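Asks: Heads up: the sequence lines are chains V and L, in that order.
Its first residue numbered 0, the first sequence is counted upward by one per residue in numbering that gives the first Met the number 0.
Its first residue numbered 0, the second sequence is counted upward by one per residue in numbering that gives the first Met the number 0.
FYI, nobody ran anything at the bench for these hints, they're computed from the structure.
All of these numbers come straight from a predicted model, not from anything done at the bench.
In this text, a Cβ means the ideal position worked out from N, Cα and C, and glycines have one as well.
Do not take every clue at face value.
Said to hold, decoys possible - Covered by chain V, per the in silico footprint, the following chain L stretches (three or more residues, Cβ under 8 Å):
#1 170 to 178
#2 200 to 208
As the list claims (entries may be wrong) - List of simulated lysine to aspartate or glutamate pairs, DMTMM-like, C-alpha gap at most 20 Å:
#3 V:135 with L:180
#4 L:109 with V:81
#5 V:135 with L:197
#6 V:135 with L:81
#7 L:209 with V:81
#8 L:92 with L:119
#9 V:135 with L:170
#10 L:155 with L:58
#11 V:61 with V:99
#12 L:181 with V:176
#13 L:181 with V:138
#14 L:163 with L:197
#15 L:199 with V:53
#16 L:109 with L:119
#17 V:182 with V:99
#18 V:123 with V:160
#19 V:135 with V:145
#20 L:199 with V:138
#21 V:135 with L:174
#22 V:112 with V:132
#23 L:199 with V:146
#24 L:155 with L:188
#25 V:142 with L:180
#26 V:135 with L:119
#27 V:135 with V:51
#28 V:112 with V:133
#29 V:135 with V:53
#30 L:63 with L:154
#31 V:180 with V:160
#32 V:142 with L:81
#33 L:157 with L:81
#34 V:135 with L:184
Unchecked claim - Pulled from the structure, derived: some chain L residues nowhere near chain V, Cβ distances all over 12 Å:
#35 42
#36 50
#37 60
#38 85
#39 165
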Amino acid sequence: MNRLFVLGIVVAIFIGCADKKKGNKEVMENGDNDKVAQKTTENSDVKFPVYDFDGLEPMLHKQDDRIYIINFWATWCQPCIEEMPYFEKVYKEQKHNNVELVLVNLDMPNMWKTRLEPYVEKNKIQGTVVILDDPKQNDWIPKVSEEWGGGIPATLIYNKDRRTFYEHGFTYEELNEALNKFKK
Amino acid sequence: MKNVKIFGGIALVLLFVSSFAMGFKVGENDNLDNGYQVGDVATDFSLKNVDGKMVSLADFDTAKGFLVIFTCNTCPYARAYEDRIIALDAKYKPQGVPVVAIMPNNPSDKPGDSFAKMKERAAEIGFTFPYLMDEGQKVYPQYGATRTPHVFLLEKTKSGNMVKYIGAIDDNYQDASQVDEKFVENAVDAMLAGNEIDPKTTKAIGCGIK
Chain V
0 MNRLFVLGIV VAIFIGCADK KKGNKEVMEN GDNDKVAQKT TENSDVKFPV
50 YDFDGLEPML HKQDDRIYII NFWATWCQPC IEEMPYFEKV YKEQKHNNVE
100 LVLVNLDMPN MWKTRLEPYV EKNKIQGTVV ILDDPKQNDW IPKVSEEWGG
150 GIPATLIYNK DRRTFYEHGF TYEELNEALN KFKK
Chain L
0 MKNVKIFGGI ALVLLFVSSF AMGFKVGEND NLDNGYQVGD VATDFSLKNV
50 DGKMVSLADF DTAKGFLVIF TCNTCPYARA YEDRIIALDA KYKPQGVPVV
100 AIMPNNPSDK PGDSFAKMKE RAAEIGFTFP YLMDEGQKVY PQYGATRTPH
150 VFLLEKTKSG NMVKYIGAID DNYQDASQVD EKFVENAVDA MLAGNEIDPK
200 TTKAIGCGIK
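So that you can see chain V by itself, here it is in the shape it has in the complex:
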C-alpha cells in the first residue's frame, strides 16, 4: 500500500507541471514519513524525468489525434527564455483544442537543481518539462530532423499526419500561425 502511494506521488510529480505545486505539497506534507521523502529523492534527484534519446523518441512520434509542440530549450539559452512566455500562452489557450506542449530541456546536469527547477517553479511553467540528457548529439539530432543543425531554440510541431521543424525562435503570432497549419 505504502509503495503504491509512493509510486502515486512520483507519478504525480513526473506528470508534473500542471499539478506540480500540488505534487510538491504532497511530498512536503508527508515529509515526516522519511521513507517517502527518501524514495522521492532517490528516484528523482531532479523533479523532471530524465531521458536519453531512445527514451524521448516515442514522444516525437505519437499517433493520436493531438497536435504536439516539442520545444528544445535550455535555461542558459537567452532566445529560448525569451520565447517561453509565447509557448506557454499558446498552450494555455489551445490545450483544450488537443494541443500538447513538451518542453525538452537541454541544461547540463549541474544546472538541473540550480537553474532548471527554480526557473520552472518561478515561472509556473505549464508545459510538460522533460530533460534530454544524451551527449551523443550527432547521433540523435538528425533523428529529430535532418534539417536541424543543432542550434536552439528549435521546435518540432507534429500530428499523426505531418511534421514541421523550425530552427529559430517564435513570437506569439508566429507560433499561432505555425500551429494553425496543423488544425486544418
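Use these hints to put chain L onto chain V, whose structure you have.
Replies: Relative to the frame of chain V, chain L by itself:
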C-alpha cells in the same frame, strides 16, 4: 548552366527580399542555408584579435590549413570545449593547422561577449590562439555558422582555403574522457595524410548565434 545561374540569382534576390518582408529571424535562417558546404572555398577576413591586432588567414604563411572555430564567452557548450580547443591548437599548430577562434555574437545583445570580456576570458583560460571579434557580424553568415562552438576545418590550396569539415569537435560535450569519436582530430589527421575525411559534417547542440 547559365539559366541555372540566373534562376539562382533570382531565387537569392527573392530570398533576400522575403527575408526582410518576413522579419529578421527568418532572414537569419536564410543565412544558414547559404553558408559553406564542404568543398567550398572560404573567404578570408580581417578581424580584431584580443591583443588589439588585426588577423587574417593570409597572415599565416606556413600554415597548411586552419581550424576556424566560432565560439564565445557566454555559451555553456563553448565553455565546456575551451580546454579541448586549446588542446587542438597545441596538437595541430606545430603540424601547420592552427586554431583561429571567432566570436560571432553581437555584444549589444550579449554583454558577456564584449571585446573587453573576450580579452578577460582569453587571459583567464590561457588561449594560445587568436580570439577575434566578428565586428558587425559579417563573417559568420558567410561561413554559415549557426551555433557556438562550430568548427570549420580549412585546407590551404592553390585556389584558396577549401572547407574540408564542418561541425562538432567530438561526440561528447559533457565529458572529454567519455568521447568515442574525435571528429575534428580525425578530420585533420585525414587531411594531413591526404586521406578521405569521414564524416565530413557532424551536428551538435550549441548556442544559437545572436
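Asks: Which of the listed hints are not met by the structure?
Replies: When the structure is compared with the hints, numbers 8, 12, 15, 18, 26, 32, 33 and 39 turn out to be violated.
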